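Asker: Take the sequences, apply the hints, and build the full model.
Chains as they are written, first to last, in the numbering used here: chain S, 7 to 524; chain F, 7 to 524.
No wet-lab data here; the hints were simulated from the structure. Check each hint, because a few of them may be wrong.
The list treats identical chains as interchangeable, and a pair is accepted whether it falls inside one copy or across any two copies.
Straight line, CA to CA, 16 Å or less: simulated EDC-like cross-link-like pairs of lysine to aspartate or glutamate [what the hints assert, rightly or not]: (1) Lys457 - Asp120; (2) Lys298 - Asp275; (3) Lys164 - Asp74; (4) Lys67 - Glu133; (5) Lys457 - Glu100; (6) Lys253 - Glu84; (7) Lys70 - Glu111; (8) Lys110 - Asp126; (9) Lys78 - Glu100; (10) Lys464 - Asp326; (11) Lys313 - Glu291; (12) Lys457 - Glu523; (13) Lys110 - Asp120; (14) Lys95 - Glu523; (15) Lys85 - Glu414; (16) Lys317 - Glu291; (17) Lys95 - Glu422; (18) Lys423 - Glu100; (19) Lys423 - Glu442; (20) Lys250 - Asp193; (21) Lys467 - Asp193; (22) Lys67 - Glu111.
Note that this is a predicted model, so its numbers are computed, not measured.
Number of protein chains: 2
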Amino acid sequence: MLGMIWVRACSALVGFRAPTCVRSLHSFPGITVAQIDEEVAKLLELKAQLGDDGKTQFVLKTPKGTRDYNPKQMAIREKVFNTIIRCFKRHGAETIDTPVFELKETLTGKYGEDSKLIYDLKDQGGELLSLRYDLTVPFARYLAMNKITNIKRYHIAKVYRRDNPAMTRGRYREFYQCDFDIAGQYDAMIPDAECLKIVHEILNELDLGDFRIKVNDRRILDGMFAVCGVPDDKFRTICSTVDKLDKMSWEDVKKEMVNEKGLSEEAADQIGEYVSMQGGMDLAERLLQDHKMSQSKQACAGLSDIKLLFKYLQLFHVTDKVVFDLSLARGLDYYTGVIYEAVLTQASAVSAANEAQNGANAEESVSVGSVAGGGRYDGLVGMFDPKGRRVPCVGVSIGIERIFSIMEQKAEASPEKVRTTEVQIMVASAQKNLLEERLQLISELWNAGIKAEVMYKKNPKLLSQLQYCEEAGIPLVAILGEQELKDGVVKLRVVATREEVDISRADLISEIKRRTEA
Amino acid sequence: MLGMIWVRACSALVGFRAPTCVRSLHSFPGITVAQIDEEVAKLLELKAQLGDDGKTQFVLKTPKGTRDYNPKQMAIREKVFNTIIRCFKRHGAETIDTPVFELKETLTGKYGEDSKLIYDLKDQGGELLSLRYDLTVPFARYLAMNKITNIKRYHIAKVYRRDNPAMTRGRYREFYQCDFDIAGQYDAMIPDAECLKIVHEILNELDLGDFRIKVNDRRILDGMFAVCGVPDDKFRTICSTVDKLDKMSWEDVKKEMVNEKGLSEEAADQIGEYVSMQGGMDLAERLLQDHKMSQSKQACAGLSDIKLLFKYLQLFHVTDKVVFDLSLARGLDYYTGVIYEAVLTQASAVSAANEAQNGANAEESVSVGSVAGGGRYDGLVGMFDPKGRRVPCVGVSIGIERIFSIMEQKAEASPEKVRTTEVQIMVASAQKNLLEERLQLISELWNAGIKAEVMYKKNPKLLSQLQYCEEAGIPLVAILGEQELKDGVVKLRVVATREEVDISRADLISEIKRRTEA
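Answerer: So, in structure tokens, the structure goes:
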């Protein structure tokens, strides 16, 4: 706060009498080097905003960690969304929407340490509001508020996190989530298996390269911690450390457990043995026989459910991509049962090349990162219900921004041009003074549902009209001239082949449809 | 601020020692009755949050002026959006997206008095941010930032205004805008005419009842003010008063001009004569000959353009709905040329009935209100460009929330049920222990692109499976039984007719498609 005031007081002087400002630091004897660095950064930013003449200049940018989507990016986004929505609808999901902000207290106590990343709105009188941090908590609030006990819904919307953005790697402060959740009291593992089937379908259809879906269960993790001698109150923090195994070596994870979190070396080593295990239904069976693991009721419940899950996944023919992995932990507190995460196992060629260019090291480009994740959270809705009534839920969130990044890189590398409109035909003229005739014709086409454009010029050159079609990928041109008007025809030109043919006005619409709606 | 602190200090005492709080009011001698009312309201709200035992209870609600969309509302919303997007795409528009918040200074100085309605984010360190107030200013910022001089784009997204919500009438603090804009230096009135054609197409397709599109021009208004003797510095404020003619009588508007804005009675009367005029191209011609109006160059330029506009609208066959109306003013400052607004001229039967129920008077239900509006704003992009380069723009915004309200009321009144999913078939079983067979079959259907559901129970009753189909409007059921499995068939049941027919497994998918994808 002091810093802010100080910066404001000095801002007029920057570049002219900076030493004065620096001297005034002595009046804040408690200031640290880090604070000075921060102030300097602010001053430099201010300086950048001042023009050569010292006049404050407007900074033309989007907020930190956010971006605009241009038409090309939107075309890719639309394609990805359509694939995902088609899958969600195939599985019978309805959709809902919630406000972009919630009462601050709705979000309080749901995200643990990450709460510091929540965007708050300014108190302008009235309620205290925060931007939503994910779609799961608003979903749980919606269920409790409307006393809904059964629903299968998807929700695609933007969420907000004041995180350190890494935009080249698809990490933003404003980003989309695509969530699919099944709420309701059902027989074990049936909806859970459907969530994994959905991940499998979506990643297959998006054609992002090979992937693996790792599966584990919070109850197995907790049971494992118990039998390895982790004190009850350290379950969550040790779980967070295990969660880092996809980014850190076991040695470093162990160090954190022992040195930072005060776990005994023996307990850590026992955990180390378990978290190195990967397999399928067979591993679940083996662990049910494991003399230590089998001592935990919780772990046994989780292991039995993993077995059941694999049985259903076999019926869905998706076990080729699914692996039971005891190192999978997932950060969020609210999971109570099965958890899963999908990772691309090979960087697509483009993406790997791109990351190499950006100086990312080989190790990073191997773990391309999670593109979907989720799990069972049976307690969250009850946190909102005045009587604590539980509504069991299981769901999955598609990591859409990472997928956008990959699709964008693919599109960049492809020789095929991304079209940003679906225009079928351009209404053009070869001679002057035919604007009215062009407008009349295009009106007919629009009314018949044809996607058509016309140049907004009284007398555009034929060449510039044809060039526009080539650039925008418009396949057909309807050319009007004095002769065509006299003959009651339109010269239909195919842009790609330059073939031209006269079509009678009466047949034009069906001819356009025939040639473009194949 | 004092009030806030006071409320916080008292909150622990509410219900027990309220008189103490009231007495402490004496320490704020400047407090007004309105402030006291406000504090009382806050205290009562706090009280409502306290349970019987005095424990703070969580308030389960969405923020003031916002709402969730349930699946039924989403289905209607999707239908309306699809109609609008189809139209925008037919006219060759690309789409973009911008962040939900902008740098605060991006919005500064664009909305005049309405700036007080902007939502600011809390200063959590870093940039000062505000939620977007409309899509036009972010569009102009996007064009200037990317140095784009030609684009035809649509943008459908939520905007935010800290207004007094009137949710039963479709006025929210978070609401959608659907904008279509054409940016670029083109020949006069061609893109402007296309915007009106688009409004005409959309309102026709949405089938909301009869409508009128009022058209005017800022230059005609300014010219009219000049020749009527309005001082230059009063143009904008008198324009705001004229804008109220759709809600107030001319007498009241005149009173405001004379008594509040200090205009001479004579000038007001002259304005009164003009703003009562409505017509078409003929009116524009007449006014071009008007001895007073013709003295203003600006007015003449506007009138000539109105004539040209009507010529193009005739070619588009939309003049039946368009009226040149000199009382149309529109509030926003940034318009520089043609302006327009579409109003429904007859309340749909449902909506009128509904408003009568809500105690709205007859006058209100006649003016159903604006459902689309827009105009030309040639100066806005230049406000963002460091060198002030202008990019002429014209656009239209569809008042989608009002349209949602009407469509929702229509759906309520209709005997037809709104389906919230597109599920084609339910995979059911008539006997116990067939879960695995059901899962296997539904997996086949999903993989073939069929929209299908299965109940998440090991042994659901056939009746409950059939009932679910009736409720959800699922047209077909695939029933599995021991006999069907033996015969390699599925019993296909048509929910509406209860007709049942055995279909071989090999033919099932084509049969479902044949029956549901007609």
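Asker: When no copy is named, should lysine 85 and glutamate 414 be tagged within, between, both, or neither for a Cα gap of at most 16 Å?
Answerer: within (11 Å within a copy, 29 Å between copies)
Asker: Classify it for me, lysine 423 with glutamate 442: is the Cα-Cα distance of at most 16 Å met within a copy, between copies, both or neither?
Answerer: Answer is neither; intra-copy 33 Å and inter-copy 45 Å both fail.
Asker: For the identical chains here, do lysine 67 and glutamate 133 meet the 16 Å Cα criterion within one copy, between copies, both, or neither?
Answerer: between (30 Å within a copy, 11 Å between copies)
Asker: Between lysine 298 and aspartate 275, at a C-alpha cutoff of 16 Å, which is it: within one copy, between copies, both, or neither?
Answerer: Answer is within: at 14 Å inside a copy they meet the 16 Å cutoff, but 95 Å across does not.
Asker: Evaluate lysine 457 and aspartate 120 at a C-alpha cut-off of 16 Å and name the case that applies: within, between, both or neither.
Answerer: Result: close neither inside a copy nor across copies, 47 Å intra and 38 Å inter.
Asker: Given a CA cutoff of 16 Å, do lysine 164 and aspartate 74 count as a within-copy pair, a between-copy pair, both, or neither?
Answerer: both (13 Å within a copy, 15 Å between copies)
Asker: Treating 16 Å as the Cα threshold, decide for lysine 313 and glutamate 291: within, between, both or neither.
Answerer: Result: close within a single copy only, 7 Å intra versus 83 Å inter.
Asker: From the Cα coordinates, with 16 Å as the cut-off, is the pair lysine 317 and glutamate 291 best called within, between, both, or neither?
Answerer: within (12 Å within a copy, 80 Å between copies)
Asker: With 16 Å as the alpha-carbon cut-off, assign the pair lysine 110 and aspartate 126 to within, between, both or neither.
Answerer: both (7 Å within a copy, 15 Å between copies)
Asker: Checking lysine 78 and glutamate 100: alpha-carbon separation at most 16 Å within a copy, between copies, both or neither?
Answerer: between (29 Å within a copy, 9 Å between copies)
Asker: For lysine 67 and glutamate 111, with the copy left unspecified, which applies at a CA distance of at most 16 Å: within, between, both, or neither?
Answerer: The answer is between: 11 Å across copies meets 16 Å, while 32 Å in one copy does not.
Asker: At 16 Å max between alpha carbons, let me know whether lysine 457 reaches glutamate 100 within a copy, between copies, both or neither.
Answerer: between (30 Å within a copy, 12 Å between copies)
When each numbered hint is compared with the structure, violations occur for hints 1, 6, 10, 17, 19 and 20.
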